[in-house]
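Let's have the full structure, built from the sequences with the hints guiding it.
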Amino acid sequence: MKAKVNAEAEPLINKMSGAEIFIEALKRENVEVLFGYPGGAVLPIYDALYRNPIRHILARHEQGAIHAAEGYARVTGKPGVVIATSGPGATNLVTGITDAMMDSLPLVVFTGQVATNVIGSDAFQEADVIGVTMPITKHNYQVRDLNELPRIVKEAFHIATTGRPGPVLIDIPKDVSTVGVVPSFDTKVDLPGYQPTLVPNILQIKKLADVISEAKQPIILAGAGVLHAKASEELLALAEKLEIPVVNTLLGLGSFPANHSLFLGMGGMHGTYTANMAMYECDLLINFGARFDDRLTGKLSDFAPSATVAHIDIDPAEIGKNIETQIPIVGDAKEALTRLIAECNNPPEAGEWRNHLKQYQQEFPLWSSDDEEGISPQRLIEMVHKHTSGKAIVSTDVGQHQMWAAQYYGFTEPNRWITSGGLGTMGFGFPAAIGAQLADPDATVVSIVGDAGFQMTLQELALLTELNLPVKVVILNNFALGMVRQWQEKFFEERYSESLMPVQPDFVKLAESYGIRGFRADTEEEANRILKETLNDRSPVVIDFRIKPKEKVFPMIAPGKGLHEMIGVRP
Amino acid sequence: MRRIVTATVLNESGVLNRVTSLFTRRQFNIESISVGHSETEGISKMTFVVNVEDDRQVEQLTKQLNKQIGVLKVTDITDQAIVARELALIKVVSNAQTRSEINGVVDPFRASIIDVSKDSITVQVTGDSNKVEAIIDLLRPYGIKEIARTGVTAFPRGSQKTVTEFKQISIL
Chain R
1 MKAKVNAEAE PLINKMSGAE IFIEALKREN VEVLFGYPGG AVLPIYDALY
51 RNPIRHILAR HEQGAIHAAE GYARVTGKPG VVIATSGPGA TNLVTGITDA
101 MMDSLPLVVF TGQVATNVIG SDAFQEADVI GVTMPITKHN YQVRDLNELP
151 RIVKEAFHIA TTGRPGPVLI DIPKDVSTVG VVPSFDTKVD LPGYQPTLVP
201 NILQIKKLAD VISEAKQPII LAGAGVLHAK ASEELLALAE KLEIPVVNTL
251 LGLGSFPANH SLFLGMGGMH GTYTANMAMY ECDLLINFGA RFDDRLTGKL
301 SDFAPSATVA HIDIDPAEIG KNIETQIPIV GDAKEALTRL IAECNNPPEA
351 GEWRNHLKQY QQEFPLWSSD DEEGISPQRL IEMVHKHTSG KAIVSTDVGQ
401 HQMWAAQYYG FTEPNRWITS GGLGTMGFGF PAAIGAQLAD PDATVVSIVG
451 DAGFQMTLQE LALLTELNLP VKVVILNNFA LGMVRQWQEK FFEERYSESL
501 MPVQPDFVKL AESYGIRGFR ADTEEEANRI LKETLNDRSP VVIDFRIKPK
551 EKVFPMIAPG KGLHEMIGVR P
Chain U
1 MRRIVTATVL NESGVLNRVT SLFTRRQFNI ESISVGHSET EGISKMTFVV
51 NVEDDRQVEQ LTKQLNKQIG VLKVTDITDQ AIVARELALI KVVSNAQTRS
101 EINGVVDPFR ASIIDVSKDS ITVQVTGDSN KVEAIIDLLR PYGIKEIART
151 GVTAFPRGSQ KTVTEFKQIS IL
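Residue numbers (UniProt numbering), protein chains in the order written: chain R, 1 to 571; chain U, 1 to 172.
Watch out, some of these pointers could steer you wrong.
[Said to hold, decoys possible] Listing some non-contacts, in silico: residues in chain R with all C-beta distances to chain U over 12 Å:
(1) K15
(2) S213
(3) L262
(4) K358
(5) D370
(6) W487
[Unchecked claim] List of simulated lysine-lysine pairs, BS3-like, C-alpha gap at most 30 Å:
(7) U:K161 / U:K131
(8) R:K386 / R:K509
(9) R:K548 / R:K490
(10) R:K154 / U:K73
(11) R:K358 / R:K552
(12) U:K67 / R:K78
(13) U:K67 / R:K230
(14) R:K27 / U:K67
(15) R:K321 / U:K67
(16) U:K67 / R:K299
(17) R:K206 / U:K63
(18) R:K154 / U:K67
(19) U:K161 / R:K154
(20) R:K509 / R:K550
(21) R:K207 / U:K67
(22) R:K15 / R:K27
(23) R:K15 / R:K241
(24) R:K386 / R:K552
(25) R:K299 / U:K63
(26) R:K532 / R:K552
(27) U:K67 / R:K188
(28) R:K230 / R:K391
(29) R:K78 / R:K154
(30) R:K230 / U:K63
(31) U:K131 / R:K321
(32) R:K78 / U:K63
Since the hints were made in silico from the structure, they are not lab data.
Quick reminder that beta carbons are idealized off the backbone N, C-alpha and C, glycines included.
Structure below.
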């Protein structure tokens with residue numbers, strides 16, 4: 001198909017260039033912030049932005065831009081909007097797009113593309129972005145005809161934010177953004193192949209209500225689907241009405257208050273013993289919006305072996321994908337919970353079961369060791385909790401620091417926990433915190449990162465100074481890839497192959513070089529004092545906490561083992 | 001387990017690419033794919049023959065296909081009463097001596113000879129995969145120079161048998 005890019009000789013009257021149409025389309029979607037990085041193929045768009053009020057955040061790397069957009073999306077529930085140039089600009093987004101896909105975050109990503117007449121010729125800064133991103137987006141588009149741009153943008157925002165959220169990419173060839181047409185924005189979204197089911201089948205809901213009333217050992221597993229559906233209140237109402245204990249997935253943390261008496265903690269590889277034993281021993285598992293990820297289930301045959309499984313998910317493909325499901329319910333978590341609350345009038349007789357689980361909680365709490373010099377990472381997270389009254393927005397990368405934060409921060413509110421779950425992206429947490437702070441300027445945003453992951457995207461420190469963002473960077477520094485080393489110690493006979501990093505930058509000076517206050521703490525007294533001083537003021541800070549280098553994340557389900565075979569349950 | 005799955009798709013650029021890329025990354029083993037226009041303008045029909053391990057895998061396949069924005073409808077028609085056909089072109093070594101003999105093989109299959117040259121003839125056969133396999137086996141001793149097959153294209157018959165063991169996998 002040849003693009004309609006014939007340059008017109010007469011002056012443009014009522015015509016808009018592609019770049020102007022782009023901006024108008026974003027305004028119509030109420031986009032407030034664009035995260036991006038300019039380059040050759042998007043110069044016309046950036047030129048149009050120059051005269052425009054939409055706020056653009058100039059990250060220092062495209063990966064920083066897209067993770068910031070993810071953080072923004074997580075906090076606001078609105079799509080994060082990203083723009084990058086063709087070729088390297090676009091390929092630098094690949095990690096973030098995949099991360100958003102795995103964790104179902106709504107993003108609309110715009111990439112520049114070389115001009116239509118040279119696409120396919122290996123032109124300067126050309127990459128087949130459509131081909132590259134096809135498997136990692138919910139959908140993608142290449143704009144070949146400028147007249148289609150308003151429709152495509154509208155569809156992209158619709159697809160990204162409805163059903164199971166996800167990233168949608170729009171590739172815009174350079175010439176398409178320069179020509180002018182008289183645009184029509186009066187398009188309706190018409191996608192016959194895309195009709196997400198929101199309202200669950202009422203017969204299935206009734207069936208589940210019946211099964212619930214007869215259960216002896218029921219539990220609720222709540223995942224990020226509850227957060228996407230903004231259904232935390234309904235989840236609390238159902239759990240309290242029926243007095244059913246609740247387990248959260250890693251990404252579902254915050255959907256149920258961690259300080260609630262029915263809360264069993266996080267399940268999975270580094271979940272609590274109680275949560276995992278509850279999933280192992282239950283006779284009814286009601287899953288709201290969790291996809292039975294392998295880090296949650298452990299060995300599949302030992303997952304909820306004697307339970308009836310009910311799975312409520314907006315994505316039908318998740319139901320039955322990993323775990324056989326007896327009661328499948330396709331729909332939005334909020335809709336399903338609301339109907340269930342109405343239908344369930346016979347609470348199960350599960351007092352004995354709750355007492356049984358309480359006993360587990362008392363007998364096998366989370367623990368930390370005290371046999372080494374340095375700051376206890378677990379106690380450090382508890383200090384962060386204390387000095388932020390448990391109200392902070394916390395973002396992390398992947399690894400030990402992530403698991404300690406998940407175990408010890410104790411989230412009581414939704415959308416305060418931003419972590420890279422599915423993809424496990426190092427370098428995610430810090431830029432995500434920037435997006436979160438932009439989304440909620442008054443919040444205390446704490447980015448808990450490891451020394452290694454922070455170095456993957458720390459160039460974004462410039463943004464804290466430039467935008468005056470009071471993000472608190474809490475580095476859990478153990479001079480190593482902590483989780484890699486933990487695995488090497490446990491499963492590779494202490495062969496620490498390339499996991500130790502004895503040379504780290506002076507993070508204090510590094511922060512100062514960006515105009516940010518930097519601190520170092522070697523003891524818990526120092527840590528406590530610095531956190532108390534810095535967490536509640538309104539300026540950015542980078543703190544290098546020298547944690548106990550050998551501390552491990554426990555308890556743990558070893559790879560290939562079942563939920564009931566946790567190691568490190570007791571000191 | 002061999003399954004025949006059909007998909008009705010919007011005729012947009014990249015749809016086939018999306019579908020095959022999905023097969024690859026989800027490790028579905030494709031035997032054949034055939035694509036062509038349907039009775040409605042702008043809508044194409046795809047037929048896949050896939051090898052899967054169990055029902056759960058084919059359920060996952062249809063659900064994942066259904067998630068694609070450009071895909072309108074996906075059906076596993078294996079257990080329905082269906083018509084399924086493929087076409088094959090087979091170039092066989094042949095000379096004046098063997099030509100009539102080959103004709104004798106081709107005739108009962110209601111296949112036809114569509115090209116003849118000095119040292120080969122080309123046979124066109126239409127039918128289900130078994131029939132195509134059978135004629136290829138019979139022609140093989142003469143020496144096969146080239147084979148081109150279309151892959152299966154299929155849809156349900158106009159009337160279905162009253163009792164079919166049709167497994168319901170939709171949960172909507």
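Status of the hints after comparison with the structure:
1. With a least CB separation of 26 Å from chain U, K15 of chain R remains clear of the 12 Å interface cut-off, as annotated.
2. Annotated as non-interface, S213 of chain R keeps its C-beta farther than 12 Å from every C-beta of chain U; the closest such distance is 22 Å.
3. For L262 of chain R, the shortest C-beta to C-beta distance to chain U comes to about 29 Å, beyond the 12 Å cut-off, and the non-interface label holds.
4. Consistency note on K358 of chain R: stated as away from chain U, and its beta-carbon is indeed over 12 Å from all of that chain's, at 36 Å minimum.
5. Distance check for D370 of chain R against chain U: the nearest CB is about 46 Å away, which clears 12 Å, and the non-interface claim stands.
6. Non-interface status of W487 of chain R relative to chain U is upheld: no Cβ of that chain comes within 12 Å, the nearest being about 26 Å off.
7. Taking the CA atoms of K161 of chain U and K131 of chain U, the gap is near 23 Å; set against the 30 Å cutoff, the hint holds.
8. For the given pair, K386 of chain R sits about 27 Å from K509 of chain R by alpha-carbon distance, which is consistent with the 30 Å threshold.
9. A C-alpha spacing of about 18 Å is found between K548 of chain R and K490 of chain R, which places the hinted pair at or below 30 Å, so the restraint holds.
10. Between K154 of chain R and K73 of chain U the alpha-carbon distance is near 23 Å, which keeps this suggested pair within the 30 Å criterion.
11. For the hint linking K358 of chain R to K552 of chain R, the alpha-carbon distance of about 26 Å falls within 30 Å, and the restraint holds.
12. Taken as a hint, the K67 of chain U and K78 of chain R pair is honoured in the structure, with Cα atoms around 22 Å apart against an allowance of 30 Å.
13. With a C-alpha separation of about 23 Å, the suggested pair K67 of chain U and K230 of chain R falls inside the 30 Å cut-off, and the hint holds.
14. In summary, the hint linking K27 of chain R to K67 of chain U is supported, as the alpha carbons are separated by about 29 Å, within the 30 Å threshold.
15. About 14 Å separates the Cα atoms of K321 of chain R and K67 of chain U, which keeps this hinted pair within 30 Å; it holds.
16. With a C-alpha separation of about 27 Å, the suggested pairing of K67 of chain U with K299 of chain R holds against the 30 Å cut-off.
17. Annotation: proposed proximity of K206 of chain R to K63 of chain U holds, straight-line Cα distance about 24 Å (limit 30 Å).
18. Restraint check: the Cα-Cα separation between K154 of chain R and K67 of chain U comes to about 19 Å, which is no more than 30 Å; the hinted pair holds.
19. Simply put, K161 of chain U and K154 of chain R have alpha-carbon atoms about 45 Å apart, too far for the 30 Å limit, and the pair is violated.
20. Only pairs whose Cα atoms come within 30 Å are accepted, and K509 of chain R paired with K550 of chain R is accepted, the gap being roughly 26 Å.
21. For the given pair, K207 of chain R sits about 26 Å from K67 of chain U by alpha-carbon distance, which is consistent with the 30 Å threshold.
22. The suggested pairing of K15 of chain R with K27 of chain R holds, with an alpha-carbon distance near 17 Å, which does not exceed 30 Å.
23. A hinted pair counts as satisfied when its Cα atoms are at most 30 Å apart, and K15 of chain R with K241 of chain R does not qualify at roughly 59 Å.
24. Taken as a hint, the K386 of chain R and K552 of chain R pair is honoured in the structure, with Cα atoms around 22 Å apart against an allowance of 30 Å.
25. With a C-alpha separation of about 24 Å, the suggested pairing of K299 of chain R with K63 of chain U holds against the 30 Å cut-off.
26. Our distance criterion of 30 Å between C-alpha atoms is met by K532 of chain R and K552 of chain R, whose separation comes to about 26 Å.
27. Proposed proximity of K67 of chain U and K188 of chain R is supported: the alpha carbons are some 21 Å apart, at most 30 Å.
28. Under the criterion of a C-alpha separation no larger than 30 Å, the hint pairing K230 of chain R with K391 of chain R is consistent with the structure, at around 18 Å.
29. With a C-alpha separation of about 14 Å, the suggested pairing of K78 of chain R with K154 of chain R holds against the 30 Å cut-off.
30. Between K230 of chain R and K63 of chain U, the direct Cα distance comes to roughly 25 Å. Compliance with the 30 Å bound is thereby established for this hinted pair.
31. Under the criterion of a C-alpha separation no larger than 30 Å, the hint pairing K131 of chain U with K321 of chain R is inconsistent with the structure, at around 36 Å.
32. Taken as a hint, the K78 of chain R and K63 of chain U pair is honoured in the structure, with Cα atoms around 27 Å apart against an allowance of 30 Å.
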